[in-house]
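Construct the complete structure from the given sequences, taking the supplied hints into account.
Read off the chains here:
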Amino acid sequence: MFWHNFKYSVKTLLKNKILLFWVFAFPIVLGVFFHLAFQNIEKNEKLKIIDIGVVDDLQFQNRSIFKEALNTLSEKGENQMFSITYGDEEELHEQLEKKEITGYVSFGKDDVYLFVRKSGINETIFRYVIDEIASNEKIINHYISDGMSYVGNENVDFNMMIQNMMQTIESSQGNIENVSNENLSYTMIEYYTLIAMACLYGGIFAMVIMNSKLANMNATGKRTAISSLSKGKLIISSLLASYIVQLLGIVLLFLFTIICLKVDYGHHLPFVILLSFVGCLGGLSLGIFVSAMFKKNENTKTGILIAFTMLGCFLSGMMGITMKYTIDKYIPILNKINPASMITDGFYSLYYYGPNKRFFFNIISILLFTIVLTAVSIREIRRQKYDSI
Amino acid sequence: MQKMIEVKHLTKYYKDFKAIDDLSFFVKEGEILGLLGPNGSGKSTTINCLLSLLHFKNGSIQILGREMKPESYDIKKQIGVVFQEVAVFEELNVYENIDYFCGLYIEDEETRKKYVEEAISLVGLERYRKFYPKQLSGGLLRRLNIACGIAHKPRLIFLDEPTVAVDPQSRNNILEGIEKLREKGATIVYTTHYMEEVEILCDRIIILDKGHIIAEGTATELKEHANIEEKITVEGLKLTKDQFENIRNLKNVDKVRFVENVLTITYKSGQNNISVLIEFLRNHNITYQSIFSERPTLNDVFLNLTGKELRD
Numbered sequence: 001m002f003w004h005n006f007k008y009s010v011k012t013l014l015k016n017k018i019l020l021f022w023v024f025a026f027p028i029v030l031g032v033f034f035h036l037a038f039q040n041i042e043k044n045e046k047l048k049i050i051d052i053g054v055v056d057d058l059q060f061q062n063r064s065i066f067k068e069a070l071n072t073l074s075e076k077g078e079n080q081m082f083s084i085t086y087g088d089e090e091e092l093h094e095q096l097e098k099k100e101i102t103g104y105v106s107f108g109k110d111d112v113y114l115f116v117r118k119s120g121i122n123e124t125i126f127r128y129v130i131d132e133i134a135s136n137e138k139i140i141n142h143y144i145s146d147g148m149s150y151v152g153n154e155n156v157d158f159n160m161m162i163q164n165m166m167q168t169i170e171s172s173q174g175n176i177e178n179v180s181n182e183n184l185s186y187t188m189i190e191y192y193t194l195i196a197m198a199c200l201y202g203g204i205f206a207m208v209i210m211n212s213k214l215a216n217m218n219a220t221g222k223r224t225a226i227s228s229l230s231k232g233k234l235i236i237s238s239l240l241a242s243y244i245v246q247l248l249g250i251v252l253l254f255l256f257t258i259i260c261l262k263v264d265y266g267h268h269l270p271f272v273i274l275l276s277f278v279g280c281l282g283g284l285s286l287g288i289f290v291s292a293m294f295k296k297n298e299n300t301k302t303g304i305l306i307a308f309t310m311l312g313c314f315l316s317g318m319m320g321i322t323m324k325y326t327i328d329k330y331i332p333i334l335n336k337i338n339p340a341s342m343i344t345d346g347f348y349s350l351y352y353y354g355p356n357k358r359f360f361f362n363i364i365s366i367l368l369f370t371i372v373l374t375a376v377s378i379r380e381i382r383r384q385k386y387d388s389i
Numbered sequence: 390m391q392k393m394i395e396v397k398h399l400t401k402y403y404k405d406f407k408a409i410d411d412l413s414f415f416v417k418e419g420e421i422l423g424l425l426g427p428n429g430s431g432k433s434t435t436i437n438c439l440l441s442l443l444h445f446k447n448g449s450i451q452i453l454g455r456e457m458k459p460e461s462y463d464i465k466k467q468i469g470v471v472f473q474e475v476a477v478f479e480e481l482n483v484y485e486n487i488d489y490f491c492g493l494y495i496e497d498e499e500t501r502k503k504y505v506e507e508a509i510s511l512v513g514l515e516r517y518r519k520f521y522p523k524q525l526s527g528g529l530l531r532r533l534n535i536a537c538g539i540a541h542k543p544r545l546i547f548l549d550e551p552t553v554a555v556d557p558q559s560r561n562n563i564l565e566g567i568e569k570l571r572e573k574g575a576t577i578v579y580t581t582h583y584m585e586e587v588e589i590l591c592d593r594i595i596i597l598d599k600g601h602i603i604a605e606g607t608a609t610e611l612k613e614h615a616n617i618e619e620k621i622t623v624e625g626l627k628l629t630k631d632q633f634e635n636i637r638n639l640k641n642v643d644k645v646r647f648v649e650n651v652l653t654i655t656y657k658s659g660q661n662n663i664s665v666l667i668e669f670l671r672n673h674n675i676t677y678q679s680i681f682s683e684r685p686t687l688n689d690v691f692l693n694l695t696g697k698e699l700r701d
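Residue numbers (the working numbering), protein chains in the order written: chain A, 1 to 389; chain B, 390 to 701.
Listed below are the simulated DSS-like cross-link pairs for lysine-lysine, each with C-alpha atoms no more than 27 Å apart in a straight line:
#: 1; chain 1: A; residue 1: LYS11; chain 2: B; residue 2: LYS503
#: 2; chain 1: A; residue 1: LYS385; chain 2: B; residue 2: LYS392
#: 3; chain 1: B; residue 1: LYS502; chain 2: A; residue 2: LYS231
#: 4; chain 1: B; residue 1: LYS542; chain 2: A; residue 2: LYS385
#: 5; chain 1: B; residue 1: LYS519; chain 2: A; residue 2: LYS17
#: 6; chain 1: A; residue 1: LYS295; chain 2: B; residue 2: LYS523
#: 7; chain 1: B; residue 1: LYS458; chain 2: A; residue 2: LYS233
#: 8; chain 1: A; residue 1: LYS296; chain 2: A; residue 2: LYS15
#: 9; chain 1: B; residue 1: LYS404; chain 2: A; residue 2: LYS385
#: 10; chain 1: A; residue 1: LYS7; chain 2: B; residue 2: LYS523
#: 11; chain 1: B; residue 1: LYS502; chain 2: A; residue 2: LYS233
These are computed hints drawn from the structure, not numbers from a lab.
Given the structure is predicted, the values throughout are model-derived calculations rather than measurements.
Here's what the structure looks like:
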């Protein structure tokens with residue numbers, strides 16, 4: 001009877017055209033729109049050359065590592081990052097005021113002073129690069145001083161160390177993008193929120209299936225509830241069916257975005273799958289919650305679930321990624337309890353940092369969200385008798 | 390004969406409203422019990438309490454000799470219910486709907502297939518097995534609703550107003566189906582506010598009003614209980630006040646009503662009442678268009694007991 005109910009639950013869900021549209025087709029359609037809208041933006045989003053100034057005085061001339069690094073980063077070519085104006089501090093300050101340069105840097109004996117007008121993308125990148133060079137300079141100087149005490153030690157190759165440092169800086173575009181929040185890959189953030197949305201929309205399946213199996217929801221629920229199949233088996237087999245169908249939708253979405261839209265989800269596919277599966281559990285619990293807690297008709301409940309999901313996705317950056325950072329900055333707790341944000345952030349951290357602490361924190365957060373919502377819902381669902389139906 | 394259902398002092402409130410008031414009754418095996426009453430009289434609430442879907446304040450319910458609880462799955466296995474509302478899945482066709490609900494009781498696939506086919510045949514849906522609910526008329530949908538409730542061959546069947554809003558052909562089909570179920574030995578609790586159905590089908594009738602039993606017995610017993618023997622209606626006549634009073638004083642007359650040239654007389658008892666009346670009309674040179682005599686219906690019984698119509 002368990003599998004009989006499972007089989008027919010899958011069948012009813014897969015034949016419900018409205019559900020299929022919202023959970024299967026809608027995310028795919030949105031994905032196509034994102035693809036069309038963002039493919040050109042993404043191309044234009046490569047870092048522009050930033051105009052900066054360097055106070056060219058004796059102190060700067062003594063900072064050979066900085067000189068070398070800045071020269072490399074301002075060399076004309078594909079990887080050029082800076083266009084540098086050398087001059088005295090007064091001239092550069094004037095240029096900064098006139099907004100001709102993003103900022104300028106001056107040097108003390110051991111210190112580096114950075115001057116910018118405001119806090120923005122270019123300023124952030126500028127600061128990041130100067131910090132990176134400064135920290136590498138310290139390491140190299142440390143080795144040099146050690147090398148002095150090991151005169152003749154041919155194993156210490158300072159040129160190689162400088163080259164490595166330059167490689168680190170040049171290849172740090174990804175990190176720079178991370179530091180400069182607004183410069184993230186728009187498309188990827190949108191796809192992450194899209195997957196989050198699809199995971200949560202999958203909750204509609206759980207909601208609909210629960211509605212059809214509970215006596216206080218509708219007539220089929222009444223008929224099912226008085227059958228000889230135990231309520232536990234009935235609920236578990238129905239939810240399992242909705243979860244499987246939900247996963248099917250996610251798999252379709254992944255296949256479509258990977259094959260047709262050429263979306264690159266990074267190199268951690270097992271973790272991508274893990275997060276999607278856990279995300280679907282979050283959606284499932286949301287569906288059960290809406291089904292159990294709102295004594296409304298099915299259309300109203302669907303509306304509530306869609307509205308909640310859309311709001312969650314909006315707050316996690318679907319309609320403008322600045323929203324995610326605004327929420328992170330001013331009301332961080334909101335994104336901590338927003339399942340869409342947990343899923344999006346999980347993908348984001350996986351893409352950029354791999355399966356690290358932040359990724360697993362998001363996984364655990366979604367699981368906690370699932371457990372809390374399911375526990376609250378089960379209190380309501382487990383009732384076998386009602387005051388009125 | 391075994392008591393399939395035994396209800397004692399059942400009382401159910403919806404907040405402060407008393408929906409069932411100290412209700413006690415029983416249903417014997419093989420019997421068709423009619424629960425008759427107007428809308429809101431407590432028929433469906435009674436059934437929902439019997440099925441352990443609703444909490445109730447007082448009383449006890451035994452089905453098949455055991456206390457009925459939500460987890461009494463072995464008892465539930467022997468119960469079939471046809472609710473007032475059509476309870477089928479829009480996404481499944483006729484066969485699949487019946488198969489799904491039957492499968493919640495019958496595990497063996499072969500047996501289930503056989504039962505589903507028999508249920509389809511019982512309600513006359515052979516031509517519609519691949520049809521989806523949206524493609525069915527109201528009457529066919531009601532038949533499907535019945536098939537879903539009885540396909541697993543339950544010993545005890547609750548039919549809660551199964552013929553509401555159906556065409557005459559489907560109603561006849563449904564009533565025939567119920568007769569067949571009775572022939573196969575099923576015990577049936579049949580709720581309706583159509584008294585003619587109850588008179589045709591039921592072995593025993595309970596009339597409910599405001600959540601309590603106001604009369605109980607066979608149709609004949611109830612009519613006797615209502616103390617009505619005969620009703621004579623004369624249409625298209627004119628009467629003076631004196632003539633009206635004289636009719637009221639005729640032998641065995643209980644009540645007389647004269648509205649818009651129609652005279653209605655109810656008699657407590659007696660024979661040849663119509664001959665006496667015709668004689669009276671002739672002697673007083675009273676002309677009329679038609680005259681006919683009726684035996685009282687359950688509606689008259691209900692009217693007599695409560696002062697209101699069953700379909701109010």
